[in-house]
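Line order of the protein sequences matches chains A and B. The first sequence maps to residues 2 to 311 in my numbering. The second sequence maps to residues 186 to 469 in my numbering.
None of these hints come from the bench; they were simulated from the model. Given the structure is predicted, the values throughout are model-derived calculations rather than measurements. Among the clues, some could well be false.
[Unchecked claim] Here are the computed lysine to aspartate or glutamate pairs in the EDC-like style, where the Cα-Cα straight-line distance is at most 20 Å: (1) LYS227(A) - GLU260(B); (2) LYS418(B) - GLU139(A); (3) LYS310(A) - GLU284(B); (4) LYS136(A) - GLU377(B); (5) LYS99(A) - GLU139(A); (6) LYS452(B) - ASP259(B); (7) LYS257(A) - ASP65(A); (8) LYS227(A) - GLU422(B); (9) LYS233(A) - GLU377(B); (10) LYS442(B) - ASP228(A); (11) LYS339(B) - ASP265(B); (12) LYS291(B) - GLU274(B); (13) LYS426(B) - GLU229(A); (14) LYS310(A) - GLU377(B); (15) LYS140(A) - ASP259(B); (16) LYS302(B) - GLU241(B); (17) LYS310(A) - GLU260(B); (18) LYS426(B) - ASP228(A); (19) LYS230(B) - GLU260(B); (20) LYS267(B) - GLU303(A); (21) LYS296(A) - GLU272(A); (22) LYS180(A) - GLU281(A).
[As the list claims (entries may be wrong)] Beta-carbon label-pair distances, calculated as ranges: (23) GLU218(B) - PRO307(A): 34 to 42 Å; (24) GLY286(A) - LYS271(B): 21 to 29 Å; (25) GLU231(B) - LYS140(A): 56 to 64 Å.
[To be verified] If you want the footprint, here are the derived chain A segments under chain B, 3+ residues with CB under 8 Å: (26) 55–65; (27) 173–183; (28) 216–229.
The beta-carbon is built from N, C-alpha and C at its ideal position, and this holds for glycine as well.
Next come the chains, spelled out residue by residue.
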Amino acid sequence: MNFEELEKKIAQLRIQKEMLELEDSKRFQIDQEIYELEKEAVQNLEPWDRLTIARALDRPKAQDYIQYLFTDFIELHGDRRFGDDSSILGGIAYFENKPVTVIAQSKGKSLEENIQKNFGMVSPEGYRKALRLAKQAEKFHRPIITIVDTPGAYPGMGAEERGQAQAIAECLYTFSDIKTPVICVVISEGGSGGALAFSVADHIVMLENAVYSILSPEGFASILWKDETRAKEAASVMKMTSFDLKEKGIIDHIVKEPFGGAQKYFPMVTEELRRYLAKELEELGKKKIEQIVQKRYQKFREMGIPAWKM
Amino acid sequence: MDLFKIRQEKLTLFHKNRKKETIKKEIPSHVIETCESCHTNVSVKELKSNHFVCPECGYHFKIDAHERISLLCDEFKEVDKKFITKNIENFPEYDKKLEISQKRTKLNEAVICGIGKIGDVSCAMAMMDSGFMMGSMGSVVGEKITRLVELADKKKYPLLISCTSGGARMQEGILSLVQMAKTSAAIKRFSENGGLYISLLTHPTTGGVSASFAMLGDIILAEPNCLVGFAGKRVIENTIKEKLPENFQKAEFMLEKGFIDRIVPRKELKETLIKILKMHGGHS
Ligand SMILES: [Zn+2]
């Protein structure tokens, strides 16, 4: 059985359990069965299944994480140059009673909201807003928490005219030695340089079902095989799951998700994430900033070493 | 004029000539190229003497990394020549593609790095080659460029990167994407230490290369009419559902939008570079 079939069967069993008046022993038996099937389903998850979970409309978005993880969030708008990109949700807040800067790529939870937020595709003014908030954080010695959830930078005409490439390049350049701790959380989808611009961080943590890749599988299939319909196949060869990225040393930690994804039981995910962030921020807080920046440089410096020989 | 037919004839001619190549190394004067812009047929010999610029209309043909070196350098000593890509993910057909590119370009990878002399000024230089898998940046390209930037930083050389690339290399996935961050971080350090970085954009400079080191020059020069942008034309057209204007993402367009310092014709390139390098205290 593949993931979809298993999911259906699990759903049927749940209905059975709810609908019928059953003896406790029978209920227990069904629970056991569900547990086993869930375990099997998780093992059978194809990268494409994870991508589907990651892209689901009902999956928690950056705004949900901000609401649950931080207090007194004050949104700050605009890049002071051109405009305000609503695909970026940025501001200041408390995390565990300490001020932090949050810069998040924010998708919507409905079609309407997604249109307003451009489906999380960031424009140059969004990257420049992020840069402004990052420099502000550096000035006031606030750690930065970035949240990644984007299929990629916006491929639009205006975006090109206003220097999409330059804006992303400047993010990579500036974050590489910004003198304050940075932690990046990939909550759902991280695609292309548009996601990387928010990922030059001291620690990168990914949710279990989140994906991160050089390009969306649709784009990948279209460029490499000239066939967008082979996206599912592309997802498998692209090695884009959290486990793939952990193995390659690109990310530092995976936050476990309940069966079916963070959307099924959000508190479990936010609590683990909170613990992780608290621990890492405390550790970073003990270090000298020069040491942190040096380690950040070294971390990216070593990426790709297995892929060449002299 | 039936362009397709001309192309076919040229190809036949090309294949015929290739057979003779082993015997005769010099370019036969009857090997012709057709200018993409004005469709004039020009002999390769004439083109070469004109730095591969169309004598009729000034169109800049693509040139490879070696040609770029001979155009700009009076001396050139290559570094990190032996870096070779390992297909660690066993990505389908990647090995074959690498092999074809290596054979065709006689290069190990899509960039040549070294210390060269432009006039009498020493300069750390990276010359990308779009003939090698579209100049895409994988781990080797990222590593070679990073090493060169670090070398320039250590030895206090100015840095010149001649860019041409379709972007990050798909076959290496995430490892090639992060090369954007790695190279940008190296350039940030170099810049903090006072180094001069001149970025030269040539046709085409797009995707992950434009969104990293290509756009980070203290001075950004471009060859006339070259394509510079992040997203591909087709992707943008699919997104906005309309045709893009002819000059979209061309160097002239990007200059107008404020993202390029100067467009420099190939003929004036060396002279311009020497002037800039000297103004920044460049010496041998
Ligand atoms: Zn011409």
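Here is what the structure says about each hint:
no. : hint                              : verdict
1   : LYS227(A) - GLU260(B)             : violated (43 Å)
2   : LYS418(B) - GLU139(A)             : violated (37 Å)
3   : LYS310(A) - GLU284(B)             : holds (15 Å)
4   : LYS136(A) - GLU377(B)             : holds (16 Å)
5   : LYS99(A) - GLU139(A)              : holds (15 Å)
6   : LYS452(B) - ASP259(B)             : holds (15 Å)
7   : LYS257(A) - ASP65(A)              : holds (17 Å)
8   : LYS227(A) - GLU422(B)             : holds (16 Å)
9   : LYS233(A) - GLU377(B)             : violated (44 Å)
10  : LYS442(B) - ASP228(A)             : violated (34 Å)
11  : LYS339(B) - ASP265(B)             : holds (16 Å)
12  : LYS291(B) - GLU274(B)             : violated (24 Å)
13  : LYS426(B) - GLU229(A)             : holds (17 Å)
14  : LYS310(A) - GLU377(B)             : violated (30 Å)
15  : LYS140(A) - ASP259(B)             : violated (46 Å)
16  : LYS302(B) - GLU241(B)             : violated (31 Å)
17  : LYS310(A) - GLU260(B)             : violated (27 Å)
18  : LYS426(B) - ASP228(A)             : holds (19 Å)
19  : LYS230(B) - GLU260(B)             : violated (23 Å)
20  : LYS267(B) - GLU303(A)             : holds (19 Å)
21  : LYS296(A) - GLU272(A)             : violated (27 Å)
22  : LYS180(A) - GLU281(A)             : holds (16 Å)
23  : GLU218(B) - PRO307(A): 34 to 42 Å : holds (41 Å)
24  : GLY286(A) - LYS271(B): 21 to 29 Å : violated (39 Å)
25  : GLU231(B) - LYS140(A): 56 to 64 Å : holds (59 Å)
26  : 55–65                             : violated (count 0)
27  : 173–183                           : holds (count 5)
28  : 216–229                           : holds (count 5)
When held up to the earlier numbered hints, the structure conflicts with 1, 2, 9, 10, 12, 14, 15, 16, 17, 19, 21, 24, 26 and fits the remainder.
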